[in-house]
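**Q** Go by the hints and put chains B and C onto chain A.
Chains as they are written, first to last, in the numbering used here: chain A, 1 to 514; chain B, 1001 to 1324; chain C, 2001 to 2331.
Any given hint could be a false lead.
To be verified - Selected chain A positions facing chain B (in silico; Cβ < 10 Å):
| no. | residue |
| --- | --- |
| 1 | Arg-111 |
| 2 | Ser-119 |
| 3 | Glu-206 |
| 4 | Val-223 |
Claimed, not checked - Straight-line Cα separation of at most 30 Å, BS3-like style, residue types lysine-lysine; simulated pairs:
| no. | chain 1 | residue 1 | chain 2 | residue 2 |
| --- | --- | --- | --- | --- |
| 5 | C | Lys-2165 | A | Lys-347 |
| 6 | A | Lys-394 | C | Lys-2199 |
| 7 | C | Lys-2098 | C | Lys-2165 |
| 8 | A | Lys-181 | A | Lys-233 |
| 9 | A | Lys-162 | A | Lys-203 |
| 10 | A | Lys-181 | A | Lys-162 |
| 11 | A | Lys-203 | A | Lys-394 |
| 12 | C | Lys-2199 | A | Lys-379 |
| 13 | A | Lys-203 | A | Lys-233 |
FYI, nobody ran anything at the bench for these hints, they're computed from the structure. In this text the structure is predicted, and so the values were computed from the model without any measurement. Glycine included, every Cβ here is placed at the ideal spot set by N, Cα and C.
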Amino acid sequence: MIDATAPLLSMRAINKAFGGIPALSEASLEVGQAEVHALIGQNGAGKSTMIKILTGYVARDSGEIAFDGSAFEARSPQDAQAKGISTIYQEINLVPYRSVTENICLGRESRRFGLLDWSAMHAEARALLSRFQVDIDVRRPLMRFSTATQQMVTIARAIGFKARLVIMDEPTSSLDEREVKVLFDVIRQLKTSGVSVIFVSHKLDELYAVCDRVTIMRDGRTVRVADMKDVNKVELVASMLGRDIAQVAKSATAFGGRASHIGDVVLEATRLNAGHKVHDVSFSVRKGEIVGFAGLLGSGRTETVRLVFGADPLRSGGFAIDGKAFAPREPIDAIARGVGFASEDRKLEGIIPDMSVAENLTLALLPQLTRAGVVDATKQRAVVENFIRSLGIKCASPDQPIRELSGGNQQKVLLARWLAMSPALLLLDEPTRGIDVGAKAEIQRIIKQLAEDGLGVLMISSELEEVIEGSDRVFVLREGRNVAELSHDQASEAAVMSAMAHGETEAALGERAP
Amino acid sequence: MRKSSLISFLSSQGVLIALAALILFGWLRYDHFLGLFNISTVLRYNSMFALVALGMCFVIMTGGIDLSVGATAALGSVVSALLSPYGIIAGTLGGVGAGLIIGLLNALIIVRLRILPFITTLATMLAANGGALLLAQDQSVSVSYESGFTDIGQGDIANLPVPALIAGAVYIVGSVVLNFTGAGRTVLAIGGNEDASRLMGLPVDRVKFLTYVVSGCLSGMAGVILASQFGAGQPIEGVGWELFAIASVVVGGTLLTGGLGSVGSTLAGVMLLGLIFNILNFENGRGFISLSAYWQSVIRGAFLLIVVILQSRLTDRADREEAT
Amino acid sequence: MTQLDLAPASPARKRDWRPRIARHATLAALIALVAFNFAFTNHFASLQTLYVNLTQVATIVIVGVGMTLVIATGGIDLSVGSLMAISGALAPIIFLGKIAPIGEIHLAVGVAMIVAVLVAGAFGWFNGWLITRFRIQPIIATLVLFIAGRGIAQVSTNGNLQPFKVPAFQWIGLGRWLGAPVQVVIMLVLVVAAMWALKSSLFGRQILAIGGNERAARLSGVPVASVKRWVYCISGLCSGIAGLVVIAINSSSDANLVGMGMELDAIAAVAVGGTLLSGGRATIWGTLLGALIIQLVRYTLLANGVPDDVAKLVKAGLIVAAVWLQGRGRT
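This is chain A alone, in the form it adopts within the complex:
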C-alpha cells in the first residue's frame, strides 16, 4: 500500500562542496505525489547543483535522498532515467540529425526477431505525441521542427521512459505565448496521470499559472518552502535576494532617473530583409538615446542586430551611420565605423576562455595598440587598468584567465572591449542575462552612464522591466517584423506585452474592437 501522503521525492540535509567551496549547505527539497513544484533562486543559489545530484551528475557529500518510498542513488543520468527521473533541459538535448522516432525511442527500442521494429516505434512515437496535440511526420529529422515541437518530443521521451518525476529546466525560454499554454496543458496532464514535475524558472509569473508549491534557495540553502497561493511575487523575490520587501517593491532596475540628452540620428536602418528571420524591419537610434528591442524569443531581434554589425549577410535594405551609407560585410567593417556588439551568449561568442582579462578586454583594440606588427604592452596595460578601475571589474589581476571570473565581471570585460574603441553606437544583446542581481544593477548603471555620455545604445532584452525602464524608445519585434514603436511614456508593460503577443499595440487594438 503506497502511502498517498508520503512525498514522492525527499532530499534532506544535502551538503556539497566543490574544491572546498560549499555549493549546498543542509539544503532540502520535497516534492509530493502528482505535484508541480517550483524551484527558484538566483544563479549560484544551488538549484543546479541540487538537480545535478538528483540526476546523477555529481555525488553529494552527505544527506539523504528518498524517491518513491526508498533510498535513492543515481550513478548517472542514464541511471536516473531508468529509475524514473527524467530531465527536460533548457537546450534541446536530443540528436538533431536523427528522426523524431529515434529521439523518442532510442534506449528503449521495440524489436522483432532481434532487429529494430520501425513500424512499431513510429506508431508509438505518434501515439505519445498525439497526447500533446502534436501531429508530425515522426520519420523526419528532429532538426526540421521548431524548438517548441522539439521540446514536446523531449517530454514524449520522458513519458515513454515511464518517468515518475520530470524536471524541467527553464522550459519556456524558447516558446511563444501559444506554445507556453500548450506546455502548461501538458504539465497539467502529467499531473493528472500521477507524474510530478519540478519546474525551474526565473519567470515568476509562469509559476503562478501552473505550480502548486515552491522551494526558494539562496546561498546553497533552502530558505523557504510554501504553497504558491500563499506567497506573492514580491515575497518570492525578497526571499531569493534576502532583501527587504519594501526595497524590492520599489524599483526593478537601475535605470530609473535618467537624464536623457538625445541628439542626432546615429543609425538609420531601412527595410532590412535577411534569411527567414528578418522581414522589412526599420528603426533608428540617436546619440545619447537608449533604444530597446522587445519581443519574444525567435522574434528576430538578435538576427536584426547582427545585420547591423555585419555578422550576417543582408538580402535587401540599407543602413546609414551619421547620414552616410553603411554596408558592412564583416564585423571588421562595422567596427571601423564605430559600432560595437556584445553578443547574448558570452561563452559561445564573447569570451576567449583561455586568454586573460587583459587580452579579452583589448581584443578589438589590438590593431590600434600595434606598431609595425608588434603590440605595445605598456599601452595595453594602461588601457586595461583604466577600465578595471572605471567599471569595477573584480579580478585577481589583469592576467587572470577570464573564465575564472563571475558572469557579471565577464560581461563588464566584454563591455570594456567595446568602450575601449570609443564607439558611436553600441549594440547590446541581453546585457544582463545570466548575471546575479547585484551585478545586473551595476551593468545597468554603466549603460545608463554611456547614454548620458552621448553614446547611441541599442539594447535587446527579454526582461520587460529592463526594456521599459531603460529605453527612450521601444521597438517591438514579432516574427521578424517591426510591429510597434513606443516612446518611453507609451511603453507600459501592458502595451509592450500586447504588441509582442498580438502584433499591435493595445491602443490600436482598442480602436478596432467591435
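**A** Using the frame of chain A, we list chains B and C on its own:
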C-alpha cells in the same frame, strides 16, 4: 521546399551518379572494361580497401577517426602470413586477431583514458607498424601455398572473387546493423550529439568501444586478404590506406563530424576512387597518352577536392534554405 | 538561467596534480633522458652525438613550427610531407638547369631555393583558401594535397631519383655556421621568431584568439580568414625549407620518399610538447622539447641495443602517455 529536396537528393545520391557516370565512361571508351576479367580484378583488389573503409565509416559516424587502419592491416597481413602454414582458419583468425588487439588498444585509450581519437590512433598506427616490422623481421613474410590459405585472396566462388564476396557480406551485415539495431542507431546518435546521447541514457561508451574494436578487426581481415592475394605479408604496406578510407567515406557523403552517413555510400566511394586507378590503366593501354601511375594520386586528390567543394556548397545552400 | 554543465564530472583530486606536473613535465622528462644517457650510454657526452641528434630533430622542428601555428588556430595540416616532396623535387630541377640553365651556380641555387620554398608556401596558401572559402574542415582540405601533392612531385620527376653534388646548395644540410649545423641554426631562428611572434605580435595574438574562440574573434574584428590563410601558407613555407634540408643531406631528391611520415612526426612533437590540439594555446618551445624527447627516446633505445621496431612501439606509448599526463588531450 522542392528545391532543397532536390539538393539533399543530389548530395546523398551524388556519389552514385558519379560512379554510374564513370562506369558509363569506361564502358564506352575501353574494350573489356565491363568484361568479367576486369570486373573481377577490380573487385578483388578493392575488397581490402572496402573493408577498411567500412570500419572507418562507423568510427567517423561516431565523430571519431581511426588513423591506425593501414598499419593494422599490415600487421594483420604479417600475422596471417606467419600462421598460414597451419591452414586457412589459423591464418584468418591470426590476422583478424591482430586487428582485434589494435582495435582494443584504441578503444581502451580513447574511451577509458579519454584521449582524442586523432592522437590515440596516430600512436597505435606507430605501434602496429613497429609490431609488424618486428614480427616480420623487417621483410616480407611469404605465405604458405600448401595450406590453401591463398584461396581466400586468389580464389573464386561462382566466378566471383572470394574477397569481394567477403566484403559484400560484411557490408550487408554492416548495413543491417546500422539500420536495424540499437547499437547502429546509437552510433549515429553519438556523432550527432554525444552529450545529448549520454543524457538520453544511451550506452555511448560501450558503442564507441565497439566501433574501434570492429574497425580493428576489419582492418585485420583486410590484411588477411592482402597477404593471401599477393602471397606475402607486408609490414610496410598499408601506408596511406587510412587516408584512402577517409576519402572514400567523405566522398560517399558521410559527414566527417559524424551523425550522418550510410554504409552503401561508403562502398560507392571506395568503388569510385578505385575505378580511377583502373581507368588510368586502361587509358595508358590505349597508347595515346602515357600517364604514369603517379597521376593516380593527383587525380584522386583532385576528385576528393571537387567532391568536398561540391558538398560544402550543397550543405551551405541547404542550411540557408532550412533556416527557420 | 540555469545552464547545466554537460561535461561529466571528473574527480577533482585527480585534476589537481596533473597540470602542475604537466607544465614542467616536458622539460623534466628531457632532462631525465639526458641524465640517463650521460650515465648509461657510451659516447653520449660528445659533440658528435649532440650534432647527430639535433640534426635529426631539426627538420621535424622546422615543420613543427608551422604545424604548431596551424594547430593553434584549431586546424591541422596533413600536407606537410607532400609539400616537402614538392619543394624537394622542384629545387634540383631548377639548379640542375633542367628547366633553363642558369650559368652562375650560386645564382641558380639561390633562385631554386627561393622558388621551391615559395611554391610550397603557395600550396599552403591554397590549403588556407580551401578552408576559408569553402569552409572545408582542415583535415579534409589538407588531405587533398596529402594525396595529390606527392603525386605532383612524382609526376614532375617521373618518380626518378635526382642525384646531385652541389656544395653551394648542400650547405643548407651539410654545412656549418659558427660551428653549428646550418639546419639547426635555421631551426633555432624559426623557433625564436615564432615564439616571439606568438607572444608579442598582433598576428600571433590573433592566431591564439581564433583558436580560443573563433566566433568571438570574428565578432571582435579579427580578420579570421586572412590570418588562417597566412598560417597555412607559413606551414607550407616551413615544409618547403625542410624539404630542401632533407634533400641536401641525402645528396639526392627522391619524390617517393622525401617527407614521408613527416606529418605524423610533426604532430606528435606538437602534441607531446603541450600544444592543445583544439587550439587556443600553443607553445613553440614545447614543440622543440617534444621533438627532442621523441628523438632522444629513440636514440636511447637504439644506442642500448633495442631494435628500431621496438623503439617505434615505445614512441607510440610515449605519445599517449605524454598526452594523458598533460590532461589536455582529453576529450
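**Q** Would you mind confirming whether the straight-line C-alpha gap from Lys-203 (chain A) to Lys-233 (chain A) stays at or under 30 Å?
**A** Roughly 10 Å between the alpha carbons, so the hint for Lys-203 (chain A) and Lys-233 (chain A) holds.
**Q** If you draw a straight line from the CA of Lys-181 (chain A) to the CA of Lys-233 (chain A), is it 30 Å or shorter?
**A** With Cα atoms ~20 Å apart, Lys-181 (chain A) and Lys-233 (chain A) stay inside 30 Å; holds.
**Q** For the pair supplied as a hint, Lys-2165 (chain C) and Lys-347 (chain A), is the alpha-carbon distance within the 30 Å limit?
**A** Not satisfied, since the Cα-Cα distance of roughly 58 Å exceeds 30 Å.
**Q** Taking the closest Cβ pair, is Ser-119 (chain A) under 10 Å from chain B?
**A** violated (12 Å)
**Q** Can the restraint linking Lys-2199 (chain C) and Lys-379 (chain A) be considered satisfied, given a maximum Cα separation of 30 Å?
**A** holds (16 Å)
**Q** Holds or violated: is there a CB of chain B closer than 10 Å to the CB of Glu-206 (chain A)?
**A** Where the cut-off is 10 Å and the nearest Cβ of chain B is about 24 Å from Glu-206 (chain A), the hint is violated.
**Q** Less than 10 Å between beta-carbons is the criterion; does Arg-111 (chain A) satisfy it with respect to chain B?
**A** Holds. Min distance 8 Å.
**Q** Mind checking the alpha carbons of Lys-203 (chain A) and Lys-394 (chain A) for me, to see if they're no more than 30 Å apart?
**A** With Cα atoms ~29 Å apart, Lys-203 (chain A) and Lys-394 (chain A) stay inside 30 Å; holds.
**Q** Taking 30 Å as the top limit, are the C-alpha atoms of Lys-394 (chain A) and Lys-2199 (chain C) close enough?
**A** Cα-Cα ~25 Å, so holds.
**Q** Hey, Lys-162 (chain A) versus Lys-203 (chain A), does the alpha-carbon distance stay inside 30 Å?
**A** OK: Lys-162 (chain A) and Lys-203 (chain A) at ~28 Å, within 30 Å.
**Q** Does Val-223 (chain A) pass the interface hint, meaning its C-beta sits closer than 10 Å to a C-beta of chain B?
**A** violated (30 Å)
**Q** Holds or violated: Lys-2098 (chain C) with Lys-2165 (chain C), Cα cutoff 30 Å?
**A** Holds. Lys-2098 (chain C) to Lys-2165 (chain C) sits at ~15 Å (cutoff 30 Å).
In this structure, the hints that do not hold are numbers 2, 3, 4, 5, in rising order.
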